[in-house]
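> Okay, so the sequence shown: first residue is 0 according to numbering that gives the first Met the number 0, each after it adds one.
To be clear, the hints were calculated from the coordinates, so they are not data collected in a lab.
For glycine and all other residues, C-beta sits at the position ideal for the given N, C-alpha and C.
Take every hint as true, because none was put in to throw you off.
Computed cross-link-like contacts, EDC-like style, restricted to lysine to aspartate or glutamate with a CA-CA straight-line distance of at most 16 Å: (1) Lys-87 <-> Glu-108; (2) Lys-87 <-> Glu-16; (3) Lys-46 <-> Glu-108; (4) Lys-73 <-> Glu-108; (5) Lys-99 <-> Glu-124; (6) Lys-87 <-> Glu-19; (7) Lys-42 <-> Glu-15; (8) Lys-150 <-> Asp-170.
Label-pair distances were calculated between CB atoms; the ranges are: (9) Arg-32 <-> Ser-52: 30 to 38 Å; (10) Gln-23 <-> His-80: 29 to 37 Å; (11) Ala-146 <-> Glu-53: 25 to 33 Å; (12) Lys-73 <-> Ile-201: 28 to 36 Å.
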Amino acid sequence: MIDMITSSAKNSYSMEELIEYIEQSISLTAEMRSDLHAISIVKNVQKGEVLLSEKSLRKIQIFVVSGCLRSYYKTDNGKEHTLQFAIKNWWIGDYITMFKNEHSIMNIESISHSKVILFEHKDLENLYIKYPTLAVLQRKGLENRVAALQKRVLGLLTLTAKEKYQRFVADYQLFEKVIPNYQIASFLGITPESLSRVRKEISIT
Numbered sequence: 000m001i002d003m004i005t006s007s008a009k010n011s012y013s014m015e016e017l018i019e020y021i022e023q024s025i026s027l028t029a030e031m032r033s034d035l036h037a038i039s040i041v042k043n044v045q046k047g048e049v050l051l052s053e054k055s056l057r058k059i060q061i062f063v064v065s066g067c068l069r070s071y072y073k074t075d076n077g078k079e080h081t082l083q084f085a086i087k088n089w090w091i092g093d094y095i096t097m098f099k100n101e102h103s104i105m106n107i108e109s110i111s112h113s114k115v116i117l118f119e120h121k122d123l124e125n126l127y128i129k130y131p132t133l134a135v136l137q138r139k140g141l142e143n144r145v146a147a148l149q150k151r152v153l154g155l156l157t158l159t160a161k162e163k164y165q166r167f168v169a170d171y172q173l174f175e176k177v178i179p180n181y182q183i184a185s186f187l188g189i190t191p192e193s194l195s196r197v198r199k200e201i202s203i204t
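When you get a sec, could you build the whole thing from the sequences and use the hints?
Shown next, in the form of structure tokens:
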């Protein structure tokens with residue numbers, strides 16, 4: 000009984016984190032909060048745990064309460080290409096699956112002990128229909144993610160390895176020492192050897 004109460008309290012805390020994040024932009028009514036609770040799945044995720052696998056048709060959106068997740072694509076020869084890291088108050092998902100009704104090509108895993116809130120995409124869509132203000136917020140959030148992705152692509156094309164790494168450290172400072180080197184290198188589009196050289200260069204200057 001004590002464990003159940005503790006778990007319920009932790010879940011409520013996680014939801015309050017999400018509600019606080021949303022209310023930075025809009026106010027939520029009691030009914031909106033209740034409906035949001037009803038479709039949420041609060042989950043403690045272990046390091047290395049996979050939340051979405053390639054070839055899945057499950058449409059989920061994941062809100063990170065704490066910890067760090069990543070999405071990555073694996074080629075036929077086993078090489079991994081990291082598309083995104085997601086930390087506190089960030090959303091992550093496979094948008095090809097969600098919006099194109101195609102099998103996922105991404106894997107989403109936790110690279111640390113993390114706490115997340117999972118939503119089925121259809122449940123969120125129904126919520127947006129019921130509450131247009133949430134739909135507007137969702138659209139703005141999606142616009143921000145598209146803009147961030149465009150900046151990331153441009154950075155991969157134009158920045159030096161040192162500049163890419165410095166930008167990465169600025170964005171993910173708390174997790175830079177937690178994320179494995181090969182994952183950072185794949186995210187930056189450089190080799191692990193180049194990453195080591197950049198780190199040495201920075202430590203010397």
